[in-house]
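K.L.:
Build the full structure now, drawing on both the sequences and the hints.
Listed below are the residues making up each chain.
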Amino acid sequence: MAATAHIEFIVAAYGAGVAVIVALIAWVTLDYRLQRRILAELETKGISRRSARESADE
Amino acid sequence: MRISELANPSRFLRAANLAIPWLGGATVIVFAFAIYRAMLAPDDYQQGATVKIMFLHVPSAWLGMLCWGLMTIAALGTLVWRHPLADVAAKAAAPLGAAFTLLCLVTGSLWGRPEWGTYWVWDARLTSELILLLLYLGVIALWRTVEDPSRAARAVAILTLVGAIDLPIIKFSVDWWNTLHQGASVFRLGGSTIDPTILIPLLLMAAAFTLLFVTLLLAAMRNEILRRRVRTLRLLQASAAG
Chain A
266 MAATAHIEFI VAAYGAGVAV IVALIAWVTL DYRLQRRILA ELETKGISRR
316 SARESADE
Chain B
4 MRISELANPS RFLRAANLAI PWLGGATVIV FAFAIYRAML APDDYQQGAT
54 VKIMFLHVPS AWLGMLCWGL MTIAALGTLV WRHPLADVAA KAAAPLGAAF
104 TLLCLVTGSL WGRPEWGTYW VWDARLTSEL ILLLLYLGVI ALWRTVEDPS
154 RAARAVAILT LVGAIDLPII KFSVDWWNTL HQGASVFRLG GSTIDPTILI
204 PLLLMAAAFT LLFVTLLLAA MRNEILRRRV RTLRLLQASA AG
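Residue numbers (my numbering), protein chains in the order written: chain A, 266 to 323; chain B, 4 to 245.
Rather than coming from a laboratory, the hints here were simulated on the basis of the structure. Please note that the accuracy of each hint is not assured.
As the list claims (entries may be wrong) - Straight-line alpha carbon distances no greater than 25 Å define the calculated SDA-like cross-link-like pairs of lysine to any residue that follow: (1) K310/A - A243/B; (2) K174/B - I143/B; (3) K174/B - G193/B; (4) K310/A - R231/B; (5) K310/A - L238/B; (6) K310/A - F175/B; (7) K174/B - V285/A; (8) K310/A - P12/B; (9) K174/B - Q240/B; (10) K310/A - R230/B; (11) K174/B - V189/B; (12) K174/B - I161/B; (13) K310/A - A210/B; (14) K310/A - I161/B; (15) K310/A - A241/B; (16) K310/A - L236/B; (17) K310/A - K174/B; (18) K310/A - S242/B; (19) K310/A - R237/B; (20) K174/B - G194/B; (21) K310/A - S13/B; (22) K310/A - L16/B; (23) K310/A - V233/B; (24) K310/A - I143/B; (25) K174/B - A210/B; (26) K310/A - L299/A; (27) K310/A - Q300/A; (28) K310/A - L229/B; (29) K310/A - G193/B.
P.N.:
Below, the structure written as structure tokens:
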């Protein structure tokens with residue numbers, strides 16, 4: 266039957282779809298955590314943006 | 004909140020923090036329903052079960068082109084209106100567009116082998132789609148090459164506007180040249196030629212992919228704003244140390 270003959274192509278296509286989507290979600294999630302961590306480290310050292318200091322003073 | 008107020012990066016961050024969880028939830032629900040409908044769709048009378056590859060291939064092709072279209076508007080925003088979030092959006096969108104274009108090419112190849120007897124042919128539609136992927140990679144490389152984001156943004160904006168020429172070539176390649184790729188069958192004058200039992204799951208998958216794209220774009224834009232804040236703080240740190 267044609268369906269079973271081509272099942273490997275269908276599985277490979279959906280596997281590629283899952284891989285791309287998981288990679289994109291992992292990229293944005295890990296990048297978000299990294300940037301937040303670096304910002305927190307810099308602010309711990311007392312370095313902050315002028316606009317952030319002004320809004321904190323208000 | 005008016006849309007124009009989102010031009011302020013801090014306001015955008017607050018709005019994105021609110022929207023991303025809701026959009027993510029909506030994406031999961033629509034994807035679950037779309038995949039359920041896609042798995043129930045009957046085999047095509049010519050393609051057999053390989054029609055199910057179309058539920059991934061077509062939405063990823065649309066998103067690859069839509070993403071470059073958005074980057075083109077963002078390029079105008081950078082060069083003409085100097086909108087503060089335009090180049091943030093353009094930079095965040097490029098890897099997403101590249102990923103969806105790559106998925107389009109991979110799934111197309113996997114469909115082509117059983118249906119055409121080959122993974123690849125230098126057909127006008129396939130070649131113009133490959134050029135779109137190379138353009139995305141060029142844009143990503145350009146962002147990484149120029150350190151100053153505002154200088155990089157102008158160079159990328161020009162490349163993006165030039166690259167936009169590829170969009171109508173992709174769309175009309177099947178009309179302008181003799182190609183192995185089929186002609187338009189969803190959005191065409193006279194209506195779709197696809198049976199509703201296949202068209203509805205296809206459109207549901209397209210909606211799910213679009214929601215995913217919007218969610219990821221907002222998340223990637225949020226990351227880019229944070230990255231620029233990190234850069235500003237490091238410059239302040241370096242100038243204080245100097």
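K.L.:
Against this structure, judge whether each hint is valid.
P.N.:
Cross-check of the supplied hints:
no. : hint            : result
1   : K310/A - A243/B : 12 Å, holds
2   : K174/B - I143/B : 23 Å, holds
3   : K174/B - G193/B : 17 Å, holds
4   : K310/A - R231/B : 18 Å, holds
5   : K310/A - L238/B : 14 Å, holds
6   : K310/A - F175/B : 56 Å, violated
7   : K174/B - V285/A : 24 Å, holds
8   : K310/A - P12/B  : 24 Å, holds
9   : K174/B - Q240/B : 49 Å, violated
10  : K310/A - R230/B : 18 Å, holds
11  : K174/B - V189/B : 12 Å, holds
12  : K174/B - I161/B : 22 Å, holds
13  : K310/A - A210/B : 45 Å, violated
14  : K310/A - I161/B : 39 Å, violated
15  : K310/A - A241/B : 13 Å, holds
16  : K310/A - L236/B : 11 Å, holds
17  : K310/A - K174/B : 53 Å, violated
18  : K310/A - S242/B : 14 Å, holds
19  : K310/A - R237/B : 11 Å, holds
20  : K174/B - G194/B : 17 Å, holds
21  : K310/A - S13/B  : 22 Å, holds
22  : K310/A - L16/B  : 23 Å, holds
23  : K310/A - V233/B : 13 Å, holds
24  : K310/A - I143/B : 32 Å, violated
25  : K174/B - A210/B : 20 Å, holds
26  : K310/A - L299/A : 17 Å, holds
27  : K310/A - Q300/A : 16 Å, holds
28  : K310/A - L229/B : 17 Å, holds
29  : K310/A - G193/B : 65 Å, violated
Violation of the numbered hints given earlier is confined to hints 6, 9, 13, 14, 17, 24 and 29; the remaining hints are satisfied by the structure.
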